[in-house]
Amino acid sequence: MLDSQSAAFAERVWDYASRLGNNAPKIADDIMEAAFPLTCTQARQEGALRMLRTGIITEVKRILRNRDDGLGQSDFTEVCAAFAPLVKKLRSKSYFVESAEEYVGIPALIAEPELLDDARQFMRRKGIECLGEANRLDALFMAVTAGAADAVPMISHPTMPQSEGVH
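With our numbering as the guide, the letters of the sequence shown map in order to residues 1141 to 1307.
Just to be clear, a hint being listed does not mean it is correct.
[To be verified] Below, a list of computed lysine-lysine pairs in the DSS-like style, where the Cα atoms sit at most 25 Å apart:
1) Lys1201 - Lys1266
2) Lys1166 - Lys1266
3) Lys1266 - Lys1229
4) Lys1166 - Lys1201
5) Lys1166 - Lys1229
6) Lys1228 - Lys1201
No lab work stands behind these hints, which were simulated from the structure alone.
Can you make the complete structure from the sequences, with help from the hints?
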């Protein structure tokens, strides 16, 4: 259960989202000074405004992803009974739609297949990017653990050419 301050912040996020779209950085930028004027002033003085902004963006994203729009997973049987088992396996209540630059709830994705297509393609691209980065980290790990004493000087050497073939 949300405490009253968290609920008030979530309500404010949805108010801003109704005007700006579900773009977390835009919402955070517009909401920060209004919601936290003293905190922003102090963070600015202490050189921590960027960290504060990052935290607010993270919380806004969480709120946008976890919107309870009145259609719980069991209600998907009203849309189509065949979708219920598929929706239950999903890990989020909404997904980022790149063309709309916002998170869109599953009921809206079901209602608009072109948005669902955009969301799944975006998720797949992000997954491929993550796998590529994991492969590069694997290569670095193998190099470091294969010859720990020899690998560290090679990795940190400024004139060593970058390997383009590691994926």
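Here is how each hint holds up against the structure:
1. Annotation: proposed proximity of Lys1201 to Lys1266 holds, straight-line Cα distance about 17 Å (limit 25 Å).
2. Taking the CA atoms of Lys1166 and Lys1266, the gap is about 21 Å. The hint holds against a cut of 25 Å.
3. For a cut-off of 25 Å, the pair hint linking Lys1266 to Lys1229 stands: about 19 Å separates their Cα positions.
4. Taking the CA atoms of Lys1166 and Lys1201, the gap is near 11 Å; set against the 25 Å cutoff, the hint holds.
5. At most 25 Å may separate the alpha-carbon atoms for a hinted pair to count; Lys1166 and Lys1229 exceed this at roughly 30 Å.
6. Restraint check: the Cα-Cα separation between Lys1228 and Lys1201 comes to about 21 Å, which is no more than 25 Å; the hinted pair holds.
The structure does not agree with numbered hint 5 stated previously, though it agrees with all others.
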